[in-house]
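Based on these hints, arrange chain B on the given structure of chain A.
Protein chains in written order, with UniProt numbering: chain A, 1 to 340; chain B, 1 to 340.
It is worth saying that the hints were derived from the structure and are not from the lab.
Just so you know, even glycine gets a beta-carbon here, dropped at the ideal spot from N, CA and C.
Among the hints, a few may not be true.
[As the list claims (entries may be wrong)] Stretch-level coverage of chain B by chain A, calculated; a stretch enters the list once three of its residues show a Cβ under 8 Å from a Cβ in chain A:
1. 166-173
2. 189-203
3. 213-226
4. 275-283
5. 300-312
[To be verified] Computed list of lysine to aspartate or glutamate pairs in EDC-like fashion (alpha-carbon distance at most 20 Å, straight line):
6. A:205 - B:272
7. A:176 - B:163
8. B:176 - A:163
9. B:176 - A:167
10. A:274 - B:196
Number of protein chains: 2
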Amino acid sequence: MKVAIVGATGAVGHELMKVLENSTLDFSELQLYASPRSAGLKLPFRGQELTVQATPEGAIDADVILASAGGSISKALAPAWVAGGALVIDNSSAFRYDADVPLVVPEVNGQAALGHKGIIANPNCTTAIAVVAVAPLHRKYGVKRMIVSTYQATSGAGQKGMEELLEQTHMQLHGKEATASVFAHPIPFNVIPHIDAFQDNGYTKEEMKVAWETRKILGDENLIISCTAVRIPTLRTHSEAITLELERPATPDEARELLRHTAGVEVRDDPEAKLYPMPLTASGKYDVEVGRIRASLAFEGGLELFVAGDQLLKGAALNAVQIAEYLQAQGALKPRAGAV
Amino acid sequence: MKVAIVGATGAVGHELMKVLENSTLDFSELQLYASPRSAGLKLPFRGQELTVQATPEGAIDADVILASAGGSISKALAPAWVAGGALVIDNSSAFRYDADVPLVVPEVNGQAALGHKGIIANPNCTTAIAVVAVAPLHRKYGVKRMIVSTYQATSGAGQKGMEELLEQTHMQLHGKEATASVFAHPIPFNVIPHIDAFQDNGYTKEEMKVAWETRKILGDENLIISCTAVRIPTLRTHSEAITLELERPATPDEARELLRHTAGVEVRDDPEAKLYPMPLTASGKYDVEVGRIRASLAFEGGLELFVAGDQLLKGAALNAVQIAEYLQAQGALKPRAGAV
Numbered sequence: 001m002k003v004a005i006v007g008a009t010g011a012v013g014h015e016l017m018k019v020l021e022n023s024t025l026d027f028s029e030l031q032l033y034a035s036p037r038s039a040g041l042k043l044p045f046r047g048q049e050l051t052v053q054a055t056p057e058g059a060i061d062a063d064v065i066l067a068s069a070g071g072s073i074s075k076a077l078a079p080a081w082v083a084g085g086a087l088v089i090d091n092s093s094a095f096r097y098d099a100d101v102p103l104v105v106p107e108v109n110g111q112a113a114l115g116h117k118g119i120i121a122n123p124n125c126t127t128a129i130a131v132v133a134v135a136p137l138h139r140k141y142g143v144k145r146m147i148v149s150t151y152q153a154t155s156g157a158g159q160k161g162m163e164e165l166l167e168q169t170h171m172q173l174h175g176k177e178a179t180a181s182v183f184a185h186p187i188p189f190n191v192i193p194h195i196d197a198f199q200d201n202g203y204t205k206e207e208m209k210v211a212w213e214t215r216k217i218l219g220d221e222n223l224i225i226s227c228t229a230v231r232i233p234t235l236r237t238h239s240e241a242i243t244l245e246l247e248r249p250a251t252p253d254e255a256r257e258l259l260r261h262t263a264g265v266e267v268r269d270d271p272e273a274k275l276y277p278m279p280l281t282a283s284g285k286y287d288v289e290v291g292r293i294r295a296s297l298a299f300e301g302g303l304e305l306f307v308a309g310d311q312l313l314k315g316a317a318l319n320a321v322q323i324a325e326y327l328q329a330q331g332a333l334k335p336r337a338g339a340v
Numbered sequence: 001m002k003v004a005i006v007g008a009t010g011a012v013g014h015e016l017m018k019v020l021e022n023s024t025l026d027f028s029e030l031q032l033y034a035s036p037r038s039a040g041l042k043l044p045f046r047g048q049e050l051t052v053q054a055t056p057e058g059a060i061d062a063d064v065i066l067a068s069a070g071g072s073i074s075k076a077l078a079p080a081w082v083a084g085g086a087l088v089i090d091n092s093s094a095f096r097y098d099a100d101v102p103l104v105v106p107e108v109n110g111q112a113a114l115g116h117k118g119i120i121a122n123p124n125c126t127t128a129i130a131v132v133a134v135a136p137l138h139r140k141y142g143v144k145r146m147i148v149s150t151y152q153a154t155s156g157a158g159q160k161g162m163e164e165l166l167e168q169t170h171m172q173l174h175g176k177e178a179t180a181s182v183f184a185h186p187i188p189f190n191v192i193p194h195i196d197a198f199q200d201n202g203y204t205k206e207e208m209k210v211a212w213e214t215r216k217i218l219g220d221e222n223l224i225i226s227c228t229a230v231r232i233p234t235l236r237t238h239s240e241a242i243t244l245e246l247e248r249p250a251t252p253d254e255a256r257e258l259l260r261h262t263a264g265v266e267v268r269d270d271p272e273a274k275l276y277p278m279p280l281t282a283s284g285k286y287d288v289e290v291g292r293i294r295a296s297l298a299f300e301g302g303l304e305l306f307v308a309g310d311q312l313l314k315g316a317a318l319n320a321v322q323i324a325e326y327l328q329a330q331g332a333l334k335p336r337a338g339a340v
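So that you can see chain A by itself, here it is in the shape it has in the complex (with noise of 0.2 Å):
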């Protein structure tokens, strides 16, 4: 089975390789795709070099093809991708809400990718990270209402968001002053409540991402949600504070031992002990870390918590490779007709 990666070079694309590199997913040929200024390119892959080739027009020689190189190259060639045969795992916003196409965490609603039609979508990294602790607790005791604040980090902007952190912090530190060209204002020592694209309704397209995105996962259509996303002065690890009411009431050790028993969730709750999540801990983590559980004061029997989640891992290359290793497990990834 051979499998590709386009937008290999990116923040994620380099995430994706090192995540299919302890992967248990069984392949045997990896593909490199990029912009044709990273062309030629070789990149380390367990042991051997691997060289990057300008991403195609048309159809891709590959049976899964784990697609971050943007939405409008997604938008533009997944479809002759899924011609030619191909599974695609993609990673943008570009067919999220297309009816016809999954969006998966394969912890939460991994069954819904056995109904592909050529496309599966990976979520947006806030929602993934949120949905993992939340799932639980919705399917035990329905989750009525919730409410998130983001703190997310430069990594949701891909590599040159935490370039443009690093080097303007730098320039800050020694009295320069510095011009936002990622964001929309300066970075370093700032908070800018602005992630993506204002909608008419006033919320960003990030908050209203994560609203529609986390409905269509736990297929439940009614459920209230509203997002304050905040991008903060971090480098990876979005954290999450997250507010629910709940149909049935829900006591904090309840939540933490159905939690404990959660695949994906690390519960890190010890206040006493200083334990916590937090982007300090929880980067380079599989696990989305989760604490802070105790009864919310704003909704009686509700839960407030905490989540920290690596924006790059869970939040995006993890959660793709976990969807085609799901699908081999299940027997569902067959090479294409005709390929070995």
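Chain B alone, transformed into the frame defined by chain A:
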């Protein structure tokens, strides 16, 4: 009239001097007090040099004492200051919850200050910043439920908090590991959901202060409030995402109009022009920036907003001086009996 600052060499003390320099408060003398190791230090004020004295054990010969040297010093010494005839405006949490101590944000409940018995408490920074924006909405629409997530600057831990962020960021950029001393964990490029001590209910004292103090200032014990307080790597200005359920529905336009005519508030709310509250623009500013005002997706007829206020100013020094200014304007700030 004589004014004294206790804790003159701290971050808030520094801001108290700057605010007093430009204040309309009519006073003839400013005395500076700090710990013995700062005694003798000379600080500039209105073209003069003032000498810092060691805080005495007993009474201070001043009419108004602006105390910002921490809760234990206020607790220990304020009774003697009051017995000596001074009015104490205390920045610590020592007396905030005492029934006979008014907790005052002049724009909101200035009148409460008139009933003081020698001590007036300055609210917690996060509360002061939120309440300036929420109070007029509460008066007009009746806030029923308020959910707050904070983005708090290192200045909340004083000068040493800001220094730890700057020094450790510098170290980290040069590949050196830093050990936290002011904060529970390294703060550069990190997020710490832990400010002040954890309480039995799983909330931190900082989070509970927002609930307790907002209720006291707004004079509404039925207000439902829940807060998640989070330290982030910024220098000054606390930001807050606030979700409000209202008794009577409000539109964002109505709220914007109301807040445009609210003292202490700057409506900064034009997303298309990339105008919204941020530490970058709110730092050093007297007004609290309020923006991202939108119809709540969580509560029909409710509102969501984002605020940013300089923690050292409206969150501390400015509010304390404004209390004195308010009392003087009301003719309620008189030199002590026997004093000139």
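The hints, checked one at a time:
no., hint, verdict
1, 166-173, "holds (count 4)"
2, 189-203, "holds (count 10)"
3, 213-226, "holds (count 3)"
4, 275-283, "holds (count 5)"
5, 300-312, "holds (count 3)"
6, A:205 - B:272, "13 Å, holds"
7, A:176 - B:163, "18 Å, holds"
8, B:176 - A:163, "18 Å, holds"
9, B:176 - A:167, "17 Å, holds"
10, A:274 - B:196, "12 Å, holds"
Hint compliance for this structure: every hint is met.
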